[in-house]
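Peer 1: Taken in sequence, the protein lines are chains U and A.
Everything in the first sequence is counted per the working numbering, starting at 1 for the first residue and increasing by one.
Everything in the second sequence is counted per the working numbering, starting at 1 for the first residue and increasing by one.
Because the hints were derived from the structure by calculation, they are not lab data.
Honestly, I wouldn't trust all of these hints.
What the hints assert, rightly or not - With the C-beta cut set under 7 angstroms, the calculated list includes, among others, these residues of chain U facing chain A: (1) L50; (2) N90; (3) I106; (4) K110; (5) P112.
What the hints assert, rightly or not - The calculated lysine to aspartate or glutamate pairs, modelled on EDC-like cross-linking and capped at a C-alpha distance of 20 angstroms, are: (6) U:K109 / A:D146; (7) U:K109 / U:E74; (8) A:K127 / U:D159; (9) U:K5 / U:E173; (10) U:K81 / A:D82; (11) U:K187 / U:D171; (12) U:K109 / U:E51; (13) A:K127 / U:E51; (14) U:K71 / A:E131; (15) U:K5 / U:D159; (16) U:K95 / A:E116; (17) U:K95 / A:E11.
For glycine and all other residues, C-beta sits at the position ideal for the given N, C-alpha and C.
Take a look at the letters that make up each chain.
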Amino acid sequence: MLEIKNIHKNFGSLEVLKGASIRVEAHQVVVILGPSGSGKTTLLRCINFLEHADKGELTVGDTKIDFETVKRREIREVRKKVGFVFQNYNLFANKTAIQNVMHGLIVVKKLPKAEARKKAEEALAWVKLSDKLDYYPSQLSGGQQQRVGIARAIAMEPDIILFDEPTSALDPELIGETLELMKNVAKRGITMLVVTHELSFAQDIADKVIFMDGGVVVEEGTPDELFNHTKEERTKRFLARILSTKTIKTKV
Amino acid sequence: MKAQYFFLCLEAAIRKIPQNLIMCFSTLAICLALGMVIALIRTYRIPVLAPLLDILMAVTKAFPANLILLICIMAYTYTFNDIVTFLHLNITIRDVNLIYIAIVGLIIVSLPGISEVLRGGLLAIPKGQFEAGYSVGMTAFQTFRDIILPQMFRVIIPVLTNSILTLMKSTALVNVMGVSDILRGSIEAATDAYCYLEAYVAAALVFWVLGFMIEKIGRMLEARFNKGIRQIS
């Protein structure tokens, strides 16, 4: 379904990705964990070319691409197959909720307006925002904006949706509703690749968890393997650190 | 000040309003199109062109507006015969309406300012808005047209209104080129009676009304573009 082989990416002299490889099968939910600066977000952004990787190979469905020689046409092809949900939502600020969802359907998928509207209404109903169709992003809460973001990604019917820390910018009480929605996305059988710090999400939903550090994949496996039978020392340290901050939070 | 002369000049000035409007808004349209291209080239640092335009804009900004207009008209009269011969045209310098030269001059005067305004607008749009467009599969052009440009205009309307006002005032300078406009029309009406004060005040009044209208339209557009977007945030 999606495969990245040996991806390299530098920002100037800073080497962010040093040959990471990952694989996502169809209908799988794969979660990437890792400390900040481990390259997980960069990896995700390289998949739909929001960043341009320096080296490596990308396969999405039946499209195979070499990062070094990628062509503009190939980038568009990949972007049509890949949905993206941003950490800070990135809704089109000049468009209402329904227009946000419709716009790609009309401009990219070339659907007639009425059909696009119907699909957008369905997608927004599915994320429980039927009463907010004509609201601008600035009139919606963070959680609502993120739900529109997810509806926008789903409506395009991509082969896979990438989630880049979708709950990191949200108020704690809104994280739950977004995670719940993502679980529903997973239940629909949509292939998902998720960067998150929400261990509970990884534990409950993921088919596979990947731990990244220093621009490479350190360890991967089922949630049970990774959380309960951790092999690598670096993974153990990271999990211990996250769990300890979690307990502090609950104590407070 | 004699009322009779004042109204005589005022009438002559009003007759010339279309002339100034044509100069102002055709200059504006061309400046917006060219200025957008320049702003994009400079923002995305297109090799060779970007540094070249940086220098060109910085130099042009430093010239007084009437000096630019004078240079334009002189360069035009000096080279007219060569241009006509080169293009094999059978016309004399009197056949060409000088308003075109005035518009070229006004474009040179206004372009640096307007392209700067557009660049400011472009920089004000978060990078995430582009990425959002790309993420649903839109091309750079589609994203720019549908997402970035409308948001840019919302941002720049207050400053752009000011630029249009300045441009409108610059159109009064074209009389140094011998092009007729509100001010010149008013002055011409004054020559017989030698009532220059009346003529200047009449022209000032006309410019004030035009300026007031531009300001009003700007405010209206601002309100329209902001509808919904700023209600809560």
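Peer 1: Work down the list of hints and note, for each, if the structure agrees.
Peer 2: Evaluation of the provided hints:
For L50 of chain U, the interface hint holds, since its Cβ comes within 7 angstroms of a Cβ in chain A; the closest pair sits about 5 angstroms apart. Given the 7 angstroms rule on beta carbons, the hint for N90 of chain U holds: about 4 angstroms separates it from the nearest Cβ of chain A. Given hint, I106 of chain U at the interface with chain A, is violated; its Cβ is 10 angstroms from that chain's nearest Cβ, farther than 7 angstroms. At about 11 angstroms, the closest approach between the beta carbon of K110 of chain U and any beta carbon in chain A exceeds 7 angstroms, and the interface hint on this residue is violated.
Given the 7 angstroms rule on beta carbons, the hint for P112 of chain U is violated: about 17 angstroms separates it from the nearest Cβ of chain A. Taking the CA atoms of K109 of chain U and D146 of chain A, the gap is about 15 angstroms. The hint holds against a cut of 20 angstroms. Between the alpha carbons of K109 of chain U and E74 of chain U the distance comes to roughly 16 angstroms, so the proposed pair stays at or under 20 angstroms and holds. Taking the CA atoms of K127 of chain A and D159 of chain U, the gap is near 25 angstroms; set against the 20 angstroms cutoff, the hint is violated.
With a C-alpha separation of about 38 angstroms, the suggested pairing of K5 of chain U with E173 of chain U is violated against the 20 angstroms cut-off. Taken as a hint, the K81 of chain U and D82 of chain A pair is broken in the structure, with Cα atoms around 59 angstroms apart against an allowance of 20 angstroms. For the hint linking K187 of chain U to D171 of chain U, the alpha-carbon distance of about 25 angstroms lies beyond 20 angstroms, and the restraint is violated. For a cut-off of 20 angstroms, the pair hint linking K109 of chain U to E51 of chain U is broken: about 24 angstroms separates their Cα positions.
Under the criterion of a C-alpha separation no larger than 20 angstroms, the hint pairing K127 of chain A with E51 of chain U is consistent with the structure, at around 12 angstroms. Among the hinted pairs, K71 of chain U with E131 of chain A is consistent with the structure: their alpha-carbon atoms are about 18 angstroms apart, no more than 20 angstroms. Between K5 of chain U and D159 of chain U the CA atoms are separated by roughly 19 angstroms; this keeps the pair inside 20 angstroms, and the hint holds. Our distance criterion of 20 angstroms between C-alpha atoms is broken by K95 of chain U and E116 of chain A, whose separation comes to about 26 angstroms.
Restraint check for K95 of chain U and E11 of chain A: the C-alpha separation of about 47 angstroms exceeds 20 angstroms, so the hint is violated.
Consistency with the previously given hints fails for numbers 3, 4, 5, 8, 9, 10, 11, 12, 16, 17, ordered from lowest to highest.
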